[in-house]
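Novice: Here is how the chains run, residue by residue.
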Amino acid sequence: MVLAKLIVITIFLGILASLGSAMFYLVRDDGKSGRTLKALTWRIGLSVVLFLSLFVAYAFGLIQPHGISPAG
Amino acid sequence: MEHSSDRYYIPHGSPWPIVGSVALLFLMAGFAATLNGSGIGKISMLIGAGILLFMLFGWFGIVIKESVDGIYNQQVDRSFRMGMAWFIASEVMFFAAFFGALFYARQLALPWLGGDGNNFFTNFLLWPGFENAWPSNGPAEIGGEYKAMGPWGLPALNTAILLSSGVTITIAHHAVKAGNRKMLVAFLGLTWILGLLFVGLQATEYMHAYHDIEHGGLSLRLSSGIYGSTFFMLTGFHGLHVTLGAIMLIVIWFRTLKGHFSPENHFGFEAVAWYWHFVDVVWLGLFIFVYWL
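Line by line, the protein sequences give chains A and B. Note that my numbering has the first sequence beginning at 1, numbered continuously upward. Note that my numbering has the second sequence beginning at 73, numbered continuously upward.
Simulated from the structure, these hints should not be mistaken for lab results. Hints may be right or wrong, so weigh each one.
To be verified - In silico lysine to any residue, SDA-like type, Cα no more than 20 angstroms apart, as pairs:
#: 1; chain 1: B; residue 1: 330; chain 2: B; residue 2: 130
#: 2; chain 1: B; residue 1: 219; chain 2: B; residue 2: 142
#: 3; chain 1: A; residue 1: 32; chain 2: B; residue 2: 250
#: 4; chain 1: A; residue 1: 32; chain 2: B; residue 2: 282
#: 5; chain 1: A; residue 1: 5; chain 2: B; residue 2: 223
#: 6; chain 1: B; residue 1: 254; chain 2: B; residue 2: 331
With the hints as extra help, turn the sequences into a complete structure.
Specialist: Below, the structure is given as C-alpha cells:
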C-alpha cells in the first residue's frame with residue numbers, strides 16, 4: 001500500500017518537474033527553441049503512465065481510493 | 073507613427089485602461105449596492121461586466137493586431153514571457169493555498185481533534201469519542217449526513233477526457249512547430265471540444281453531489297464540513313480555470329484559422345498550451361489527492 005502510494009507521488013513529482021522546466025524554457029528561450037515542447041511532451045507522457053498505473057495498482061489490490069467503496 | 077524593431081513599442085493614447093477602470097467602478101459600486109440590498113446593484117454589475125467584456129475584446133484585439141503587424145521587437149517578446157511567468161506564479165500560489173488547506177485538515181487538524189500526539193485532552197474534553205478518518209465533516213458533523221465522491225464513473229472519465237486533451241494539445245504543438253496548419257487546426261479544435269465536455273460532465277457531477285441521498289444523490293454540498301468545502305473549492309476553482317483555458321484555446325483556434333502563428337513565432341499559442349497543461353496537472357493532483365489517496 002505505502003509503496004504504491006510512494007510510486008504514485010514520485011511519478012507526480014516527475015510531472016511537476018517537467019511542467020516546471022517547460023515554464024522555465026518558455027520564459028528563457030525564444031520561439032525557435034524546441035525545449036518547451038520537449039518538456040511538455042514528457043509531461044503528458046508521464047501523466048498517461050500515472051493514470052494507467054493507478055488502475056493497474058487498483059486491479060492488483062495495491063491501492064484503495066480513500067479506503068471506501070464507490071459512492072452513489 | 074513610426075516603429076523600428078530596435079525600439080520598445082509603447083502604445084500612445086490607448087483608451088482601454090480608462091475603459092477598464094469605468095467597468096470596475098460599475099462592478100464594485102454595483103456589488104456594494106447589492107450587499108446593501110439595493111435593487112439597482114445588479115443592473116450596475118451587469119453594465120460593468122458588459123463594459124469589461126468590451127474592453128477585453130478591444131484591448132486583446134489591438135495587441136494581436138500589433139503582434140501580427142510585426143511592431144513588437146525581441147524585448148517586447150521577453151516582456152510577454154515575463155508576464156506569463158508572474159501570472160503562473162500567482163496561479164501556483166492560489167492552488168497551493170487550497171491544496172495546503174486540504175493537507176492541513178487531513179494531516180494535522182483532524183488527527184489533533186482525534187487525540188493524536190500531545191492532544192489527548194483536546195479529544196477527551198472537547199470531542200470525546202471522535203475518531204480521525206477521511207473523508208470527514210469534522211467532529212460536529214457540520215452539514216449533516218453525506219456520501220463521499222468516489223473516483224469511479226464521472227471523475228475517472230473526466231480524468232481520461234482531460235488527459236486526452238493534453239495529448240491533442242501536444243500534437244497541435246508539434247504541428248505548429250512543423251508548420252502543419254491542417255493538423256494544428258484539427259487537434260487544437262479537438263482540445264477545446266474535450267475541454268468543454270469536461271466542464272459539462274463536471275456540472276453533471278455537481279448536480280449528482282448536491283441531490284439528497286433519499287433522491288439518489290450524495291447530499292454533498294459546499295456546506296458539508298471540511299470535506300465538502302475543500303472538495304468544492306478545489307474542484308470548483310479548477311473548473312473555472314478549465315473554462316477560462318477553453319475560452320483561451322478557442323481564441324487561439326480562431327487565430328490559427330486566420331493564419332496567425334509561424335513555426336518560429338507562436339508565443340501566444342505556446343503560452344495557452346502551457347496553461348492547458350497546467351490545468352491538466354492541477355486536475356491530476358486533485359484526482360490523486362482528493363479522490364484517491
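Novice: None of the hints should be skipped; say for each whether it holds.
Specialist: Hints, one by one, checked against the model:
The hinted pair formed by residue 330 of chain B and residue 130 of chain B meets the criterion: a straight-line CA distance of about 18 angstroms does not exceed 20 angstroms. This hinted pair does not check out: residue 219 of chain B and residue 142 of chain B have alpha carbons roughly 57 angstroms apart, beyond 20 angstroms. Restraint check for residue 32 of chain A and residue 250 of chain B: the C-alpha separation of about 11 angstroms stays at or below 20 angstroms, so the hint holds. Restraint check: the Cα-Cα separation between residue 32 of chain A and residue 282 of chain B comes to about 49 angstroms, which exceeds 20 angstroms; the hinted pair is violated.
The suggested pairing of residue 5 of chain A with residue 223 of chain B holds, with an alpha-carbon distance near 16 angstroms, which does not exceed 20 angstroms. About 11 angstroms separates the Cα atoms of residue 254 of chain B and residue 331 of chain B, which keeps this hinted pair within 20 angstroms; it holds.
Consistency with the previously given hints fails for numbers 2 and 4, ordered from lowest to highest.
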